[in-house]
Structures are given as C-alpha cells and as structure tokens.
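Participant: So the protein sequences, as listed, match chains H and W.
All letters in the first sequence, in the order written, are residues 1 to 306 by the working numbering.
All letters in the second sequence, in the order written, are residues 307 to 569 by the working numbering.
If you are wondering where the hints come from, they were derived from the structure by calculation, not from laboratory data.
You can take every hint at face value.
Computed spacing ranges between beta-carbons, pair by pair:
1) H:V124 / W:K310: 56 to 64 Å
2) W:K310 / H:E104: 50 to 58 Å
3) W:F533 / H:V124: 37 to 45 Å
4) H:E158 / W:S523: 44 to 52 Å
5) H:E104 / W:E313: 48 to 56 Å
6) W:S523 / H:K99: 38 to 46 Å
7) W:I428 / H:K302: 43 to 51 Å
8) H:G123 / W:E485: 28 to 36 Å
9) W:E432 / H:K302: 46 to 54 Å
10) W:P357 / H:D221: 28 to 36 Å
11) W:A557 / H:K301: 20 to 28 Å
12) H:E158 / W:A557: 45 to 53 Å
We treat Cβ as the ideally placed atom computed from N, Cα and C, and that holds for glycine.
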Amino acid sequence: MQCLVEVPVEDKRISLKEAVKLVPDGSHIFWGGFGFQRPPMAFAHELVRQNKRNMTIYTCGSEMDIDILSGAKVVSRFELAFFAIEGIGLVPNIQRRIKEGAIEIEDYSNLAMALRFLGGALGVPFMPLKSMLGTDLLAKSRFRSKKAHTMDCPFTGEKVVLVPSVRPDFSIVHVSRVDKEGNAQIDGIRGEDIEGARAGKKLIVMAEEIVDTEFIRAQPDQTVIPNIYVSHVVECPWGSYPMMVYNYYDYDMEHVRMYYDQCKTEEGWQKYCEEYIMAFNDYKELLQKVGIERLLKLKAKKPLAY
Amino acid sequence: MAKKYVEPEEFTTLELMAVCGSKQIKNGEVVFIGTGLPLIAAMLAKKTHAPGAKIVYEAGFIDSNAKDIALSIADSRLGYHAAGAIGLIETLGLMLQGGHVDLGFVGAAQIDEYGNINTTYIGSFEKPVVRLPGSGGGNDIISSAKRVVVIMMHEKRKMVKKLDYLTSPGFLDGPGARERTGLLGGGPSLVVTNLCQMDFDPKTKRIRLATVHPGVSVQQVVDNSGFDLIIPQNVPTTELPTYEELELLRAIDPKGIYIPRSK
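Hey, can you work out the whole structure from these sequences and the hints?
Facilitator: Shown next as structure tokens:
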C-alpha cells in the first residue's frame, strides 16, 4: 500500500523467546486478559520453558494461564481479585502451591485492582474507591505492609478506601491486532488491559496478527493502545489457546477439562507440563500437536465473535 | 388468564431457583450478572416479564442479549447483540460505583445472618483449608448495587454464625452499619437457596425466612442453617414455575450446562 504521508516507523517486533528473555527472575508483571478472554497463554508457556522464577503477578481475574505459572513455580506472589477455571472449578495447581507455602496471595476486589492499574498509569500514588469497606479485604493483609487505607474525604467527609497504585516492571497483554510500531487494537471487551498496559514500566504487546501500519492509521479510532506506550511487539497467532479471543477463536473446553482433571494431582500436572509445554521448542509446536482440524473448528464463525 | 403452574415433580430445584432469581429482575432495570444460575435467570427474565432489562457483565459486555450459554463472564458469547463491549473501569467503576446499577447477583460459599459473604477462604486466614476464587467483582457489586440477590446452596456449613473470611459486605453487624461504614448500595435483598427464599428483616437486618420450596418444611430449613433465622408466623410456599417459564428455561440451556435435566 502507498503511504500517503512519509513518517518514520520504528519496528518493535521481536520473537516470543526474545521477549520472555527480557523479563528477569523476580520481576513484577501486569498480566493481561480477563477470565477466558485473551490471556497471554503463549507467554505463560514460554516463561515456564525458560524456567523463570519468583515473579509477582498483578491482575484482576485470571484462570488456566496463571494456574500454569503456579504449577511451574514461575510465580511466588499474586495481587489479584479472582481466580478459578470458570464453569469447571477451582484452580488446581494454585490450590496445591498455597498449601505448600510456595505462593502467597494479596486479595483485592476487581474494581480495586483495575483502579490500582489506572493509578499507576496516571502517575499518582493511590486511588480512592467505595468498595472493600467493612470487610476482611480491608482488614487482613498477607504480605503487604500497607494494603489499603480508609480515610474521610478532606472535602466531603465521606468514607473512602485508598488503594496503592501499581507500577510493575512489565505489562504483558495479548491483543487482536497491532502494527510493527505497537499501535494495538482490541476487539470485544478490554477487561482492565487499557489501564494495565499503561501501568508497566515496559509494555510487551502480543497479538493475534501484525497488520500494516496503514491499516491501523486508516481506522485510528479503533486503536486502544498507541505506540507511545509500547516497548516490544510479538506476533502470536492462537496465543490464547485453549482460551478465547473475540472475533478470532472460541475456547477448547475439551482441552481445558483435560487440564483440570489431570492437574488435580501433582503427577498429573507434571505430565501435562512435560507433554504440552516442555516437549516443545515454541508455542507453534503446541498448535501442531492440537492439529489444524481442531483449530479450524474453534475459529470464530462470522458474524458471531466465537 | 390464570397462570398454569407446573406440578412439583415435573421440575428440578435448580430450575425453581433460576425462576426465583428471574422474578427479581424488573423490566428496564440495569442488572449485573455472573455466570451459572444467575445467567440463566437473566436470560429467562428477558424472554418473559423483563425484555427491557439491561444485562451487564463486569468484564465489559453491556446490555447483552446472548443466545448461547456462556461459561465465563468474559465469554465472547455475551457480546451477541450487546450495546457495548468496554471494560472493568466502565462496568464496575463508572456504571456500578457511579450509581447506575439496580440489581446484582452474587454467589456465596458462606453467608452469615446479616448477609455478609465469604468467597475467599475456608478455614483460617493463616492456614486455609481451601482457597476459593476470591472477590472478583462480588465485593464491588454488593458494596454499590441498589439491591443484591444471593444464590447459593443451603447447608449448615454454608449458613454460618461466623464467616471464615468476610469478602463482601451484607449488613455487617446490623442496622446502620452500612451507612456508618460508607457503603453506597442498599445491601442484599434476597437469598435464594435450594430449600427456600429468605429476605432481611428491615428492623434488625437479620435474615428472615420468606418462602419454602414445595415439599420443604420450615424445620428442614432450620436444621440446615447454622444461625438462627427469623421465622414469621406464616411462611408461604414458593410460587411454582409456569409451563411457559419451564419450557423457556429448557430452551435456554438445552444441553443442561448449568441446569442438568435429571434431579
């Protein structure tokens, strides 16, 4: 396509392997996606393959992706609001790692976490909200010396809770499409990714597809993360499999159920990890194992988004 | 025309619970829904008495008209004919905390006599026996929605005198406590279980038996509750589902994902 205006376009593309190498042990990470929607699953697999340790993850609600990170002992701390494998049950690996003392969790509500990311992105140290009042979310903390604070509003006297902003080392989000410069568009719901993406000191954007810059600039109103925030871009089709990406593909519940059943025991988890993560050099090999026929069945059937 | 009710042996308890939940949704209301039974209840309400209800899912789907059953509150299925697909700050922040949500539905692993809810830990905070999913948007919803319906199973270990962990605020320790604490919403209005429906005594803010499901005795409810609930002199039987409601319900969840067909 002919560029109408000549502007220098920086190429921020790197491979998934290179991107994960940039994240050192002990990093604090904003983890994107919400529930079954757009989790950075391929990134989780690569963190496991590179044997990363001691990460702290910040998110609202995540599921199989963070259960894998817990099983493989990549993560030692979470600050979040929710985890489960919805429609199936509790997260099996996290359950076990908590009992072993390998994982600690600081609990907030979903709105509290989303506001903590907004606060981080805005460059202010805290955000006020009207949730958590009167509960153990406010009264009990696991490892933070100061988890939240109640005060009377200096203007109205009304009671508010203050929650500390989050500025993690990295933000990892998986989006629908991005250009090589990092202008990202998300179809469907965005969960807390708009704020979370901007909260990190470095932002790595994974995407289902990399599109020409002209394509983005022809519809700039669809861009939800402009290039200014973005450090690196990683092309990663089917990057949320076996979860879902709006307009791209549905979840593979057969696989998720198999994962859940198998991970009820440590041996079962080890077997899954070996067979579906460690056996591969990269994520594309997992997709090969799943097979083209199954993937085509999961492809979104327009005009539906799933 | 008189309503035609279904005989008790023809429906399951879960079906009755879904119908009870559905009746709480008024036409035109803005309603926060999670997955499971509330999702079915909302879909039923839209097909019966409340076609104009605006169903909102905290992940960002707004005024959703899903035709297929969703497994996740972020499920793409919920985007079907939705008015908007935005995000959490929009739904839980601007919409809910901003005061636009009439009714919310939440689940509970434990509830106490003031309607306070635990969805975080079973066992002590220091040494938990089970780690549950956590608040999610539950705390936000029950903090700020005008009314909240709790849907849960009725067992002694779930209806407790003291919660293992207070995740979401009911009426805290009684009358006036929500106001003193600074909470915006009206608190829980109804608890729907597999045995009965319970509301809250306006004076004491304690749970009060409202109706018992067909075939369930008041004593059975008492025996399965770990706290003393208020029992009025007259406890009517829960209104039975109509043939129309039951037929619609089964068409909404044909595969029995949330409501298995057999008892």
